[in-house]
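*Asks:* Anchor point for the sequence shown: position 88 equals 95 in the numbering used here, and the numbering is continuous, going up by one each time.
No lab work stands behind these hints, which were simulated from the structure alone.
Heads up, the beta-carbon is just placed ideally off N, CA and C, and yes, glycines get one too.
Warning: the hint list may mix true and false statements.
[To be verified] No more than 30 Å apart at the CA atoms, straight line, and that leaves these computed lysine-lysine pairs for DSS-like:
id : residue 1 : residue 2
1  : K54       : K145
2  : K35       : K89
3  : K185      : K11
4  : K138      : K157
5  : K164      : K178
6  : K11       : K159
7  : K138      : K11
8  : K178      : K159
9  : K157      : K145
10 : K35       : K124
11 : K54       : K89
12 : K187      : K162
13 : K185      : K162
14 : K145      : K89
15 : K164      : K187
16 : K187      : K133
17 : K11       : K178
[Stated by the list, open to error] Ranges between beta-carbon positions, derived for each pair:
id : residue 1 : residue 2 : range
18 : E61       : R163      : 36 to 42 Å
19 : K138      : T13       : 19 to 25 Å
20 : G188      : K35       : 22 to 28 Å
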Amino acid sequence: MKLKLTHISHVANKIALDIANSNLLELKAPIENIANTARVILEEDIKKEAEIDEKAKSLLEENLDEIEFMRADERQLFWMIKRQIAEQENFLLSWEDRYSDISHRILDEISLEGFIKFSISENLIKNIIFKSIDSYSKIYEEIEDEVIEKIKHYKRKILVGTDEYELVFEKLYEEELKRKGFL
8 MKLKLTHISH
18 VANKIALDIA
28 NSNLLELKAP
38 IENIANTARV
48 ILEEDIKKEA
58 EIDEKAKSLL
68 EENLDEIEFM
78 RADERQLFWM
88 IKRQIAEQEN
98 FLLSWEDRYS
108 DISHRILDEI
118 SLEGFIKFSI
128 SENLIKNIIF
138 KSIDSYSKIY
148 EEIEDEVIEK
158 IKHYKRKILV
168 GTDEYELVFE
178 KLYEEELKRK
188 GFL
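Let's have the full structure, built from the sequences with the hints guiding it.
*Replies:* So this is what it looks like as structure tokens:
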């Protein structure tokens with residue numbers, strides 16, 4: 008699943024909670040520091056992918072006449088270009104590899120900052136972070152569907168796309184995240 012900027016705070020909170028609840032390490036700083044560190048690293052990663060997407064779109068637009076003349080599949084070309092740009096910039100597109108890399112960067116940063124102390128293998132701590140990201144990515148669509156269903160069953164109809172819909176959606180989404188242990 009492709010993480011979006013709107014998911015960042017939820018994923019960062021899940022990482023911080025899972026680290027705080029782990030008996031494999033000792034917290035040396037407030038949980039908010041861990042969440043903020045995770046948030047920054049996740050945002051950087053998502054913004055980097057957005058830059059790569061923009062470069063790929065730009066290249067496609069520059070060559071649109073040729074693409075139409077050759078009757079090439081634009082989506083397929085986009086992915087080929089994106090893969091090539093990502094490779095040049097050492098950016099991982101495989102989600103499993105990417106989650107692992109992000110987990111390492113978060114662990115390195117919170118260790119360097121002295122937010123945690125542990126005397127076990129770094130991989131065990133990295134796996135806590137990895138599982139936090141992975142579990143969120145697997146459950147977010149399920150939660151989203153549950154929230155949409157709840158909104159559909161409101162007595163008063165709320166139109167999709169309105170400010171009211173967005174506010175109700177966000178409130179219900181956060182309630183579901185809390186219920187499932189993500190906040």
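*Asks:* Determine which of the earlier numbered hints do not hold for this structure and return their numbers in increasing order.
*Replies:* 2
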